[in-house]
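Engineer: What follows is the residue order along each chain.
There are 2 protein chains.
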Amino acid sequence: MSQKNVIVAQSGGPTAAINASLAGVIDAVTKSEVYDTVYGSLNGILGILDDHILNLSRQAADIPDFIHTLKFSPAMYLGSCRYKLADYEDDDSTFAFIFHQFKKYNIKAFFYIGGNDSMDTVSKLSRYGEQIGSDIRIIGIPKTIDNDLLATDHTPGYGSAAKYVASSILEIAHDTYIYSVKSVTIVEIMGRDAGWLTAASALARNSYSGAPHLIYFPELPFDKEQFIEDVKAQLKLHNNVIVAVSEGIRDKDGNYFSAAKPTSDQFGHAQLSGTGKCLEYFIKEAIPVKVRSIELNVLQRCAAHISSLTDIEEAFALGGEAVNSALRGDTKCMMILNRVSNAPYKVEIQTADITGIANAAKAIPRQWLSQSGNDITPELYDYLAPLIVGEPDITYKNGLPAYLPVDHLNPLISAPIYRKDC
Amino acid sequence: MSQKNVIVAQSGGPTAAINASLAGVIDAVTKSEVYDTVYGSLNGILGILDDHILNLSRQAADIPDFIHTLKFSPAMYLGSCRYKLADYEDDDSTFAFIFHQFKKYNIKAFFYIGGNDSMDTVSKLSRYGEQIGSDIRIIGIPKTIDNDLLATDHTPGYGSAAKYVASSILEIAHDTYIYSVKSVTIVEIMGRDAGWLTAASALARNSYSGAPHLIYFPELPFDKEQFIEDVKAQLKLHNNVIVAVSEGIRDKDGNYFSAAKPTSDQFGHAQLSGTGKCLEYFIKEAIPVKVRSIELNVLQRCAAHISSLTDIEEAFALGGEAVNSALRGDTKCMMILNRVSNAPYKVEIQTADITGIANAAKAIPRQWLSQSGNDITPELYDYLAPLIVGEPDITYKNGLPAYLPVDHLNPLISAPIYRKDC
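Protein sequences, first through last, are from chains R and C.
This note's numbering applies: residue 3 is where the first sequence begins, and numbers increase by one.
This note's numbering applies: residue 3 is where the second sequence begins, and numbers increase by one.
Derived by calculation from the structure, the hints in this document are not laboratory data.
It is possible that part of the hints are untrue.
No distinction is drawn between identical chains; accordingly, a pair holds when it is met within one copy or between any pair of copies.
[Said to hold, decoys possible] With a straight-line Cα cutoff of 25 Å, these simulated DMTMM-like cross-link-like pairs (lysine to aspartate or glutamate) come out:
id : residue 1 : residue 2
1  : 238       : 52
2  : 399       : 315
3  : 399       : 381
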């Protein structure tokens with residue numbers, strides 16, 4: 003009897019939880035009585051095209067604590083890609099090669115862990131498979147710190163990034179409160195098109211600290227004059243005002259504040275200012291007060307040591323359920339989280355048809371933002387609060403988190419054997 | 003019999019460990035059979051001048067887990083100041099008022115937790131005290147993430163910041179390794195005059211990751227052309243090159259790279275580029291490769307959730323020993339750590355005469371930097387490694403670190419009753 007194997011890949015930007023979904027897939031395959039080997043495709047779909055394939059079943063058997071360590075390791079054990087498949091209606095040669103590779107490895111199911119673009123790949127591959135009469139299951143497993151995927155209540159990776167943002171705002175608040183001189187601190191948070199991660203900054207508030215005192219979202223037009231007024235009003239109430247701002251805020255005409263025209267510094271280099279830096283200068287120009295801007299940068303998506311256990315466990319469960327769904331015959335779908343209740347917090351795992359999920363994004367509903375547009379509502383707070391609960395069981399060695407080695411990623415020595423860039 | 007009280011204050015920039023020293027002082031006074039009450043002066047020496055005084059003994063008695071929570075809380079429970087006492091030879095009225103306040107509160111010992119400037123205050127106050135024949139003990143307790151104080155092997159606060167830097171570099175490395183396209187990531191680290199914190203980035207290296215691949219220190223002149231060559235050489239060896247750079251690097255003429263002349267962005271604002279941003283543009287100009295710069299910013303000094311337990315415990319012990327030293331009659335001194343051995347790591351707590359410590363800084367010795375000037379030596383690695391070991395016992399509530407409330411700091415309502423700015 004021929005082998006029944008599965009293959010899994012990761013794509014898009016890193017999160018602290020995407021390896022937990024990978025661990026969930028490996029764990030479920032290992033426990034499955036149907037599937038034999040789980041392969042990992044390196045650098046997303048490119049690994050299948052380039053024949054860069056890891057035998058994850060063997061790694062799970064050989065490397066001590068593999069599943070546990072992988073579950074709590076940041077970024078992407080299999081590497082990523084930013085590769086979008088062309089429409090097979092135009093040219094199906096890439097698709098034909100992928101299914102050729104599936105056959106070579108006796109693949110019965112393909113799991114793609116990623117965001118919007120990855121779900122586009124899931125959608126195209128499953129439609130192509132349908133067309134050629136393939137019985138290979140093609141299932142998407144969501145992840146993105148942006149929380150902007152349709153169909154699912156929230157996305158794995160979001161809760162951990164949200165926890166990082168909230169704890170950073172809290173620690174920055176402690177840092178700023180020590181001086182009695184008035185100050186404004188701008189914290190720039192990721193999320194170009196949706197303000198979910200910026201909204202999570204509100205979770206930092208507690209009995210003694212109201213930071214962030216103002217929050218600005220990409221969902222609403224940003225008005226510079228109103229912003230100055232907002233800050234002035236807060237400075238009457240607080241010595242140290244902390245502002246959370248999405249990198250994606252735009253003016254009423256849709257222009258990003260981060261997309262500064264290249265200007266020149268003293269070395270003659272093009273200079274792009276970030277959103278936070280831009281707001282810093284708005285304040286400096288208008289209010290005589292100490293101002294600082296902080297860009298949380300990539301740590302908000304890779305600081306696994308302060309990930310949310312709720313997030314990690316959900317990501318792990320989604321990976322495992324994806325395997326079970328494939329065994330039940332599901333395909334052309336994405337695994338989703340359906341929230342049953344906020345308190346007690348309860349979610350169910352289901353599947354949703356992939357059609358319509360890919361290439362669309364979910365913004366924060368207007369009614370979840372305050373009337374003034376510079377804060378969230380209690381409803382959004384209640385939605386957010388359960389997602390950051392719980393601390394990961396990170397092992398430290400010599401004072402540093404002991405993550406799973408990724409030396410198979412850097413550098414990838416072997417040359418591509420097949421690549422059709424689109 | 004009159005009361006025998008002590009007063010403690012904090013000054014300078016925040017660290018994750020400065021509250022541990024405060025907790026150590028409070029704990030030792032509480033256990034002492036000589037001292038009655040420990041007072042806290044808000045915003046450094048200014049609290050004594052302005053009569054902003056907290057009764058810390060009462061707080062320790064009233065607030066559950068006060069000592070433990072304080073020990074692991076970031077920034078400064080008593081607030082800070084940047085206030086330098088004038089020379090009392092010129093005008094001793096401020097000094098006279100401070101000793102008047104000491105008398106009012108029956109103060110027998112004053113502990114000042116801080117860096118260079120705070121040790122200047124300790125030095126001046128103890129010399130003035132000596133002159134007027136006071137028996138009040140004046141003792142400095144060191145802290146600074148910069149690790150640049152003389153006399154002590156290292157400074158409390160440094161180990162925690164070093165741990166944050168090293169784990170951030172490790173997590174950033176995981177983040178960058180996922181893409182197969184070549185990239186350079188510049189990480190800007192605090193430390194204007196000494197490269198100790200930048201050097202700690204080397205602790206991120208492990209069996210699978212050589213990041214940071216290059217390190218640049220303020221101790222050595224930075225040469226742009228050499229930097230480009232260094233990066234090019236590393237890009238031949240690694241897909242993703244990570245560079246750690248001190249904010250304080252200077253060219254051979256002593257010009258900071260961060261001190262850009264004000265230029266204008268599209269909004270017409272003055273624009274200062276950071277060191278990391280500056281190096282980012284050096285690369286962009288010279289090498290066709292993806293480049294990103296990351297500024298670790300204030301989180302490296304306030305992210306208490308990933309502080310070093312070694313650091314916290316040493317800071318706590320220094321606070322306690324300062325009280326014991328005062329009881330033994332020591333004054334006009336700073337508490338110091340004397341390293342007995344690296345492996346096993348062992349330090350002793352001693353005192354050092356304050357004279358000559360204040361207003362001087364300790365750079366990394368040249369022989370602890372590599373010949374090429376872009377790395378550390380094994381000797382420096384061995385010095386650094388023990389300082390980041392151990393994880394703090396942080397309590398989390400609703401997914402966030404539960405730190406000690408600091409609402410007494412923000413805003414300070416009462417008006418100054420005495421202030422002579424110098």
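Engineer: So which hints don't hold here, by number, going up?
Structural biologist: Per hint list: zero violations.
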